[in-house]
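Engineer: Please model the complete structure; the sequences and the hints are all you need to start from.
Following numbering that gives the first Met the number 0, the numbering of the sequence shown begins with 0 at its first residue and continues without gaps.
Read the hints as simulated data drawn from the structure, not as lab findings.
Accuracy of the hints is not assured; some may be wrong.
[As the list claims (entries may be wrong)] The following label-pair restraints were derived from C-beta to C-beta distances:
1) K195 <-> R121: 26 to 34 Å
2) G153 <-> A218: 16 to 24 Å
3) R121 <-> A218: 28 to 36 Å
4) P22 <-> R1: 18 to 26 Å
5) A203 <-> R247: 44 to 52 Å
All residues carry an ideal CB built from backbone N, CA and C; glycine is no exception.
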Amino acid sequence: MRVAGGVAYLTLNRAGRHNSLVPAFLEELLDCLGAIRSNTRINAVVLAAAGSSFSTGGDVREIQRQGSTIASYAERLVGLLNEAVLDLFDLRVPLIGRVQGPVTGGALGLVLACDLVAVTPRVFFAPYYVEVGFSPDGGWTALLPERIGSHRAGEIQLLNRHVGAVEAVALGIADCVVEDGALDAQIDLWLSSLQKKSGAGLQATKRLLLTPQRRARYAAALEEERKSFVTQVGSEEARRGMARFLDRRLAC
0 MRVAGGVAYL TLNRAGRHNS LVPAFLEELL DCLGAIRSNT RINAVVLAAA GSSFSTGGDV
60 REIQRQGSTI ASYAERLVGL LNEAVLDLFD LRVPLIGRVQ GPVTGGALGL VLACDLVAVT
120 PRVFFAPYYV EVGFSPDGGW TALLPERIGS HRAGEIQLLN RHVGAVEAVA LGIADCVVED
180 GALDAQIDLW LSSLQKKSGA GLQATKRLLL TPQRRARYAA ALEEERKSFV TQVGSEEARR
240 GMARFLDRRL AC
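Structural biologist: Quick look at the structure:
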């Protein structure tokens with residue numbers, strides 16, 4: 000994380016593993032969010048990622064490696080992810096998502112927590128749960144249906160359909176599609192616009208949009224996702240699915 004001009008820039012930087020999520024990585028993110036909360040001079044946050052992918056969600060290889068401790072590992076992993084998603088929603092200042100590459104699995108929740116999202120043409124969103132044999136996490140059932148409707152959210156997940164950048168904007172997952180070379184300019188444009196607005200007005204708007212009732216609903220639904228994920232991840236079907244999924248990745 001770096002802070003410049005009143006803006007906190009958070010960059011997911013596990014690029015060698017496509018910014019896939021593991022507990023230590025999420026704990027670092029939570030530490031950064033805690034630092035942002037305690038710094039009253041920060042008036043906006045940009046969430047970005049290094050490498051070719053924004054994030055591919057939970058690191059399937061690491062999950063598979065857990066063996067007999069897979070359930071406790073998954074409980075911790077998804078619990079930390081849920082905490083991070085809720086902490087992002089709770090930010091008192093505008094949160095901008097700079098999404099330069101694919102978003103899969105539980106990483107969706109990090110994007111859904113953003114107030115403004117810019118994507119490049121090569122971005123797509125995909126669940127993969129029915130391919131691997133996992134139960135959805137990261138807000139695919141807890142958050143996405145409210146955004147795009149339960150029927151469309153179900154269709155995407157049941158068919159494991161990839162949602163491209165243009166469709167993501169049409170559905171309301173993202174706000175604009177810009178070419179790779181123009182992504183930073185778009186972020187700067189939004190930051191410039193926000194800096195001209197009333198800070199108190201921005202914070203009041205965010206507070207009223209995320210009512211206590213809505214936040215409690217999000218938290219409860221994310222917890223249901225966590226419990227279902229933990230139950231499913233240790234199944235024989237999930238073990239076979241992970242093996243197939245990783246074999247296909249190695250073959251590519």
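Engineer: Which hints from the list above does the structure break, by number from lowest to highest?
Structural biologist: As far as the earlier hints go, not one is violated by this structure.
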